[in-house]
Amino acid sequence: MNESKDEQKDFIKLDNEKLSTDEVSKLVISPCCGAMSLFVGTTRNNFDGKKVIHLEYEAYAPMAEAEIKKICRDIRQKWPSVKHIAVHHRLGLVPISEASVIIAISSPHRVESLDAVKYCINTLKATVPIWKKEIYEEEYSWKENKECFWANTEK
Amino acid sequence: MNESKDEQKDFIKLDNEKLSTDEVSKLVISPCCGAMSLFVGTTRNNFDGKKVIHLEYEAYAPMAEAEIKKICRDIRQKWPSVKHIAVHHRLGLVPISEASVIIAISSPHRVESLDAVKYCINTLKATVPIWKKEIYEEEYSWKENKECFWANTEK
Amino acid sequence: VVVLYFARSAELAGVRTESISVPQQITALQLWEEIVRRHSRLTAIQDQVVFAVRQEYVLLGDQLLVLHSGDEVAIIPPISGG
Amino acid sequence: VVVLYFARSAELAGVRTESISVPQQITALQLWEEIVRRHSRLTAIQDQVVFAVRQEYVLLGDQLLVLHSGDEVAIIPPISGG
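Protein sequences appear in the order of chains A, B, C and D.
All you need for this note's numbering is the position in the first sequence, starting with 1, plus 39.
All you need for this note's numbering is the position in the second sequence, starting with 1, plus 39.
Just so we're aligned: -2 in this note's numbering is position 12 of the third sequence, and the numbers increase by one with no gaps anywhere.
Just so we're aligned: 62 in this note's numbering is position 76 of the fourth sequence, and the numbers increase by one with no gaps anywhere.
Keep in mind that the hints were calculated from the coordinates and are not lab data.
Keep in mind it's a predicted model, so treat the numbers as computed, not measured.
Ideal placement from N, C-alpha and C gives every residue a C-beta, glycine not left out.
Each hint should be verified, as a subset may be incorrect.
EDC-like cross-link-like pairs, simulated, lysine to aspartate or glutamate; straight-line CA separation at most 20 angstroms [claimed, not checked]: (1) B:65 - A:61; (2) B:52 - B:104; (3) A:164 - B:154; (4) B:185 - A:154; (5) B:65 - A:62; (6) A:109 - D:42; (7) B:172 - C:-3; (8) B:185 - C:33; (9) B:109 - C:42; (10) B:108 - B:154; (11) A:65 - B:104; (12) A:57 - B:62; (13) A:65 - B:137; (14) B:65 - A:56; (15) B:164 - B:97; (16) A:109 - A:46; (17) B:89 - B:176; (18) B:164 - A:154; (19) A:108 - A:54.
Partial chain A-side listing against chain D, Cβ under 10 angstroms, derived [unchecked claim]: (20) 48; (21) 140; (22) 161; (23) 189.
For reference, chain A alone in the conformation it holds in the complex (with noise of 0.2 angstroms):
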């Protein structure tokens, strides 16, 4: 098939705007792949038993769109048939609910679609410098990620 030869595109962008999993999921789709798998980042009304009002994201945008496509790279590598990765990581102040990263990746099979998912958001956790404030109804703060090596909280 044509199709299958056609190029592997890696789709990243970060930015303010509300993430949608159809657009998402329509940026990866391709008529040679038979699976699309996703991951969808959402924020969580709680923490500790902390009511969460909302979150906000910044990131060091040039390094963390580096580090992405260093994600993409290295799936490519222990992936090869893995065809389309979309990541869209939503930046500033995002509301309850709604999505703060949305990864999709589409496959001919299904086992390199889920496994090539669950690598990139763990490793997206650990590599790309993207901080994450978690907003609660008297305080703030500065989340850290278990993935993230140089963090000292308890492992």
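Chains B, C and D: place on chain A using the hints.
Showing chains B, C and D alone in chain A's frame:
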């Protein structure tokens, strides 16, 4: 949080309507959950070098629903923190690149939803009585999942 | 009992559903033989088919089935959902 | 070099970006000490911070940095994207 004590829900649908990732993801999203994982099975345009025109699915519908409910029960035993589960399978004619199945699962943290989605699609392929007929240009073929233990396909 | 045919088994039998009379107690394999007597083309899938009796999978073996009038027995060729 | 502060380090430093003059060759740890001299509150995150020099991670150790005018050095507190 009261929200997290809300009932966990299973959404199962088998019909001829076009599937929507947005619709399915809205079913499972929950303010107490930070993660939602989705798997979308789409129809491929080729098999063994043969051009696929479209697919046709049929189901033993009441039993298929019962088997999907069993999978949901298994998931809740294996990953008790899983919140909502949606499994939509399209029946009848499915054109190329459209979704035949969408699975979406939400959980407070990501590992449960990622692993549960993988388990759900793997088990669905092994146990849910649904059949796929691939229609090529001049012939057709009833497919057999390699997960189906009574199939005679080389494994 | 009501026999339901799906996918390739429906094509081979040329029918999707039919009522047949069988002994109330019968092994799965005997029931299969009874069905093949009516639709000989089903032998083609003999070694890759299972039953669903009242929506529960049953292999074509010596297991004794206790059937009641109106019970559904489905012929389940290899599945391919997803 | 241009120093970029993010998240908690921006709050502690009270600034998001500034230009500072440092020797062209300097270890990462010496650079950190120079930055802390300007913003003493940054000592609070001393043991949980790394640099990104020209967008590549560098630990605060004895590694020698070769810096050019205009190079970006970012202060990277523990990340929390996703």
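Query raised in the report: Which numbered hints does this structure break?
Result: 11 and 20
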